[in-house]
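Undergrad: Could you fit the two chains together into a complex? Lean on the hints.
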Amino acid sequence: DIQMTQSPSFLSASVGDRVTINCKASQNINRYLNWYQQKLGEAPKLLIYNANSLQTGIPSRFSGSGSGTDFTLTISSLQPEDVATYFCLQHNSWPYTFGAGTKLELK
Amino acid sequence: EVQLVESGGVLVQPGRSMKLSCAASGFTFSSFPMAWVRQAPTKGLEWVATISTSGGSTYYRDSVKGRFTISRDNAKSTLYLQMDSLRSEDTATYYCTTARYWGQGVMVTVSS
Chain U
343 DIQMTQSPSF LSASVGDRVT INCKASQNIN RYLNWYQQKL GEAPKLLIYN ANSLQTGIPS
403 RFSGSGSGTD FTLTISSLQP EDVATYFCLQ HNSWPYTFGA GTKLELK
Chain X
823 EVQLVESGGV LVQPGRSMKL SCAASGFTFS SFPMAWVRQA PTKGLEWVAT ISTSGGSTYY
883 RDSVKGRFTI SRDNAKSTLY LQMDSLRSED TATYYCTTAR YWGQGVMVTV SS
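Chains U and X supply the protein sequences, listed in that same order.
Heads up, my numbering is the position in the first sequence plus 342, with the first residue counted as 1.
Heads up, my numbering is the position in the second sequence plus 822, with the first residue counted as 1.
So here's chain X without its partners, still in its complex pose (with noise of 0.2 Å):
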């Protein structure tokens, strides 16, 4: 069964960092590229981040360029966002993706 399960989302405040974690399952995760996306509350969704299977091309949408860090760990099967200079409007649900398989999300809470 495949799985992907997000963790380290908290309530963090402006200008703070945060690393969220993905711990992949079920499926060859050095095969697949992978992704962010959030979901801000009653919002519609967002596509992030993205990562070649390798790790050597990396993607990401303007407002987090420059603040957010894309990365993995095939070993482990572990996708990573390291989320520096967080803001309010990064206050999200965030998914780990392929695409095609989700993970359940974490929230991050960006407030003072």
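Isolated chain U, as found in the complex (with noise of 0.2 Å):
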């Protein structure tokens, strides 16, 4: 199984801030990463998939990069509704695996 290691486990961050989450596969996925948010009681929303492609509805400040092992979602300018725990998904190769989430504070 491919193995999807992310980091920061938890943020804590300022409104405005430029805040950056990291996943990191355990060999190449290609593009095939998706990034969720989840508030808490909620279900999973799509931010981005593919990597880099932000899904419709989304609001700017989010974007993802990164290819092959490494990737990254970066939130521009943190905002107080962005509080909430992030996800990581490859979707590579079967099993779909998720990372374990980084869960976003305010400070």
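Note that these hints are calculated values from the structure, not bench results.
Quick caveat: nothing in here was measured; it's all calculated off a predicted structure.
Quick reminder that beta carbons are idealized off the backbone N, C-alpha and C, glycines included.
Some clues are possibly wrong.
As the list claims (entries may be wrong) - Capping the alpha-carbon separation at 30 Å, the derived lysine-lysine pairs in DSBU-like fashion look like this:
| # | chain 1 | residue 1 | chain 2 | residue 2 |
| --- | --- | --- | --- | --- |
| 1 | U | K381 | U | K445 |
| 2 | X | K865 | U | K445 |
| 3 | X | K887 | X | K898 |
| 4 | U | K381 | X | K841 |
| 5 | U | K366 | U | K445 |
| 6 | X | K898 | U | K449 |
Unchecked claim - A few chain U residues facing chain X, derived, Cβ under 7 Å:
| # | residue |
| --- | --- |
| 7 | F352 |
| 8 | L388 |
| 9 | Y438 |
| 10 | F440 |
| 11 | A442 |
TA: Written as structure tokens, this is what we have:
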């Protein structure tokens, strides 16, 4: 199975900060990497698909980059509504695997 | 509006069976591979099973292989997950998803 190592596990930042979350795959997954946001008690929401494509309706402050084994989700200017847990998902090969998540809180 | 509505979750004893359903609307169900993803309480996400658009191909994570069966009825725009020989470690919220669209989830508790 492909292991997805996500970092950091916990992040505290202020409104307006630039925030980056990383995922590292244990082997090449090309660009088959999605990013999800999950707020407490809610289902995950797709933010970024195929590493760098912004899902329709998602604010442009969210962006994704990377290919191969190293990927980054960036929030250019943190907003209060961005408080959530963020997960990466590799869908290059079965079984699809998620990162362990990054819990983002406001400082 | 896209909707995925799961149903069927209850409290069940270890070793028993349960069937989840997911009713889809607002998109062409038959055009999308579908999947079940689960999340144990306070834990991360785990991809459980995937089914192709026709239902001809299915994939399962090792821990549920031989116990869970994913299926679909394209005429009814409905996805299913038959879960047999349930274990305590199967306790989780189960989500129906296309990877883009997600249901709100249904809780399955396996306990004596």
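Undergrad: Please flag the earlier hints that this structure goes against, numbers listed from lowest up.
TA: 6, 7
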